[in-house]
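Trainee: Starting from the given sequences, assemble the full structure and let the hints guide the process.
The chain contents come next:
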Amino acid sequence: MKQFLTFVRKEFYHVFRDSKTMLMLFGLPIAQITLFGFALTNEIKDSKIVICDYAKDEASQQITYKLAASNNFSIEESLLSHQQIEEAFKAGKIKLAVVFPVNFTYDLLHLNTAQVQLIADAADPNTGSTLTTYATSIIRDYQQDVLQSKSLPLSITTEIRMLYNPELKGVTNFVPGVMALVLMLVCVLMTSVSIVKEKEMGTMEVLLVSPFNPFLVILSKAVPYFALSLINLSVILLLSVFLLDMPINGSVVLLFAESSLLIVTSLALGLLISNSTASQQTAMLLSLMGLLVPTMLFTGFMFPLENMPMPLQVIANLVPAKWYYIIVKSIMIKGLGFSSIWKETLILVGMTTFLLVVSFKKFKIRLG
Amino acid sequence: MHDVVLDKIRKTYNKNSLVAVDNVSLSVNKGELFGLIGPDGAGKTSIFRILTTLLLPDGGNASVSGYDVVKDYKIIRNHVGYMPGRFSLYQDLSVEENLNFFATLFGTTIKENYDLIKEIYVQIEPFKTRRAGKLSGGMKQKLALCCALIHRPTVLFLDEPTTGVDTVSRKEFWEMLKRLKSQGITIMVSTPYMDEATLCERIALIQSGKILSINTPANVIAQFPQNLFAIKSTNMSGLLKDLRDFGNIESCNAFGEYHHITLSDESDATQHELKTYLESKQHENIVLQSTTPTIEDCFIQLMNNQDGGNSN
Numbered sequence: 001m002k003q004f005l006t007f008v009r010k011e012f013y014h015v016f017r018d019s020k021t022m023l024m025l026f027g028l029p030i031a032q033i034t035l036f037g038f039a040l041t042n043e044i045k046d047s048k049i050v051i052c053d054y055a056k057d058e059a060s061q062q063i064t065y066k067l068a069a070s071n072n073f074s075i076e077e078s079l080l081s082h083q084q085i086e087e088a089f090k091a092g093k094i095k096l097a098v099v100f101p102v103n104f105t106y107d108l109l110h111l112n113t114a115q116v117q118l119i120a121d122a123a124d125p126n127t128g129s130t131l132t133t134y135a136t137s138i139i140r141d142y143q144q145d146v147l148q149s150k151s152l153p154l155s156i157t158t159e160i161r162m163l164y165n166p167e168l169k170g171v172t173n174f175v176p177g178v179m180a181l182v183l184m185l186v187c188v189l190m191t192s193v194s195i196v197k198e199k200e201m202g203t204m205e206v207l208l209v210s211p212f213n214p215f216l217v218i219l220s221k222a223v224p225y226f227a228l229s230l231i232n233l234s235v236i237l238l239l240s241v242f243l244l245d246m247p248i249n250g251s252v253v254l255l256f257a258e259s260s261l262l263i264v265t266s267l268a269l270g271l272l273i274s275n276s277t278a279s280q281q282t283a284m285l286l287s288l289m290g291l292l293v294p295t296m297l298f299t300g301f302m303f304p305l306e307n308m309p310m311p312l313q314v315i316a317n318l319v320p321a322k323w324y325y326i327i328v329k330s331i332m333i334k335g336l337g338f339s340s341i342w343k344e345t346l347i348l349v350g351m352t353t354f355l356l357v358v359s360f361k362k363f364k365i366r367l368g
Numbered sequence: 001m002h003d004v005v006l007d008k009i010r011k012t013y014n015k016n017s018l019v020a021v022d023n024v025s026l027s028v029n030k031g032e033l034f035g036l037i038g039p040d041g042a043g044k045t046s047i048f049r050i051l052t053t054l055l056l057p058d059g060g061n062a063s064v065s066g067y068d069v070v071k072d073y074k075i076i077r078n079h080v081g082y083m084p085g086r087f088s089l090y091q092d093l094s095v096e097e098n099l100n101f102f103a104t105l106f107g108t109t110i111k112e113n114y115d116l117i118k119e120i121y122v123q124i125e126p127f128k129t130r131r132a133g134k135l136s137g138g139m140k141q142k143l144a145l146c147c148a149l150i151h152r153p154t155v156l157f158l159d160e161p162t163t164g165v166d167t168v169s170r171k172e173f174w175e176m177l178k179r180l181k182s183q184g185i186t187i188m189v190s191t192p193y194m195d196e197a198t199l200c201e202r203i204a205l206i207q208s209g210k211i212l213s214i215n216t217p218a219n220v221i222a223q224f225p226q227n228l229f230a231i232k233s234t235n236m237s238g239l240l241k242d243l244r245d246f247g248n249i250e251s252c253n254a255f256g257e258y259h260h261i262t263l264s265d266e267s268d269a270t271q272h273e274l275k276t277y278l279e280s281k282q283h284e285n286i287v288l289q290s291t292t293p294t295i296e297d298c299f300i301q302l303m304n305n306q307d308g309g310n311s312n
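So the sequences go chain by chain: F and W.
The first sequence stops at residue 368 when you use my numbering, and every number in between is there.
The second sequence stops at residue 312 when you use my numbering, and every number in between is there.
Hint data in this document are derived by calculation from the structure and do not stem from the laboratory.
Treat the hints loosely; a few may be bogus.
[Stated by the list, open to error] Once the Cα atoms are required to be at most 30 angstroms apart in a straight line, the calculated DSS-like pairs of lysine-lysine come out as: (1) W/LYS241 with W/LYS281; (2) F/LYS2 with F/LYS334; (3) F/LYS2 with W/LYS74; (4) F/LYS364 with W/LYS281; (5) F/LYS2 with W/LYS118; (6) F/LYS362 with W/LYS74; (7) F/LYS197 with W/LYS128; (8) W/LYS241 with F/LYS199; (9) W/LYS74 with W/LYS111.
Computed from a predicted model, the values in this text were never measured in an experiment.
Mentor: Structure representation (structure tokens):
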């Protein structure tokens, strides 16, 4: 036991004395979470729009205020005619124009129907349609306000509810993905490199010719990275909750338990890589190429898995991060308990057991 | 009583295409300082790794302290001290941390066996907070030796401990080994430096995976089959070439200040004939004298003998 603790302490020395490892360990997650949280979102914020208000009455003013109050739009200017709209688009300054016809409020209140024209710059079709959706929902919102205060005419309206993420925030999608990515990357890369380093520096040779059980070498390497990964996880969660307004609707304990499972999976994978490689460079390359790309592609947080061809969907099932992503989304966003994610958990447990068995079998108690 | 026994050990690499150790048999007595002498690539490290249970032999048997290197590898790993050829300690740990780590690894403490390493450790103690990677070559070797000794091994394997170490540190190192030997530790050491062979009690000369000779250094020298002559003149490089053209020359090797030669006919007449021949080739200040062979002379002679035997 004392041997084991000394070994673990030695491992911590290695980590804390190497600035590169420290940067990798703690810089990478923070950089990724802030990058994905702020820069790389598919939300559209503060799009410049123009209002062309021929009506200038109560309803048009109120809708304009509502548009101005939304995070998605910032009103550039109010125009007087259609010609000016075209010029504004050509200047490339604006993405959307809202046109209110004359007698807007009168029509709305007396004819029970009024029209608003939305003109979007569809050079980028996704942005164009997203912006019109935003604007439409704001106008519909106003319409409902009006309807509530007036006598209800017979009408059928569709009501759309975006469950779990009513504001359609991109963060909710990215944070679980980044968590999976960072945990996989840090654990796999760090363990594989640190074991291969012992081989490369020749220290493995000395370790083997000692009474120390080789399996304990592995275990005592896993412990520090396990602990550091949990710290990492806490940092990611704190950043997501306080900086990115990400909710944790489910049990935090369950979230940590499931994350620990993924960490063990990654450690096992790192172990397997280190057993099959002889140099730090190969181990690093294998961890990065073999993990970063599949995790990014097949986890589902960047590209929806449902849209992929069948063979790729099958491959995606082999990526542990995919299952973890589902688990994290279920816990954090949907607030579900263990009963809803036991299947995914079981798959991860299976993968971990398989990886551990294979890597222990492949572990060499001799050189060469 | 033998502490290390190799019986027809064979080791090949690259699917049998490269024979590193070729039917090597030797034994090291208890408490002996045994040297494995040979150039780089002779198979020394492979033998050490087989004995320290790091490699499996392809054929033959070997034992350390009576334990089989394949079956009883766990027991052997408890009792031997091993210092690999390359500096193999943690460069980012301090001298003291390294020593502490290896002491704990072997289930002991620095205190417990301090008397064994004291003489070596006091030399590096002033630098005990320094990172091992920042030590000089000689100090690194001393630290590595301390780490290999900290659990009071019965057999100590030192693979080229003096390679890359300055002359003074090398001398010190051999003195340390002698003191360790007096503590009753069996020491097997390898070196490519022939001049270090005489510091061992017995040596095995090895070349291309084959043992050329196993004996005491004195006996190896005594078994040199001919008289050895040292010869010099003012033009040494020309001399070497001219000597090789002389009919009665059997072997001729550059050897520092002199060239060492053996003659197929050692009579005074031939010696005289050689001198006249060289004078005719414009060599001046020719000195020809008989000399005692060194281990290197013996090694070269044995090597040439074996090559001759092979080609026949």
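Trainee: Check the hint pairing F/LYS362 with W/LYS74 against an upper bound of 30 angstroms on the C-alpha distance.
Mentor: Distance of about 19 angstroms is within 30 angstroms: holds.
Trainee: Quickly compare the C-alpha distance for F/LYS2 and F/LYS334 to 30 angstroms and report which way the hint goes.
Mentor: violated, 44 angstroms
Trainee: Keeping to a limit of 30 angstroms between CA atoms, is the pair of F/LYS197 and W/LYS128 held or broken?
Mentor: holds, 24 angstroms
Trainee: Hinted pair, alpha-carbon criterion (30 angstroms max): F/LYS2, W/LYS118. Please report holds or violated.
Mentor: holds, 24 angstroms
Trainee: Hey, F/LYS364 versus W/LYS281, does the alpha-carbon distance stay inside 30 angstroms?
Mentor: Judged against 30 angstroms, a Cα distance of about 63 angstroms means the pair is violated.
Trainee: Holds or violated: W/LYS74 and W/LYS111, Cα atoms, limit 30 angstroms.
Mentor: Cα-Cα ~25 angstroms, so holds.
Trainee: Is W/LYS241 close enough to W/LYS281, meaning Cα to Cα at most 30 angstroms?
Mentor: holds, 11 angstroms
Trainee: Measure nothing beyond the straight line between the CA atoms of F/LYS2 and W/LYS74; if it is 30 angstroms or shorter, mark the hint as holding.
Mentor: holds, 20 angstroms
Trainee: Hint check: W/LYS241 vs F/LYS199, CA-CA at most 30 angstroms. Holds or violated?
Mentor: Roughly 47 angstroms between the alpha carbons, so the hint for W/LYS241 and F/LYS199 is violated.
In this structure, the earlier hints numbered 2, 4, 8 are contradicted, and the remaining ones agree with it.
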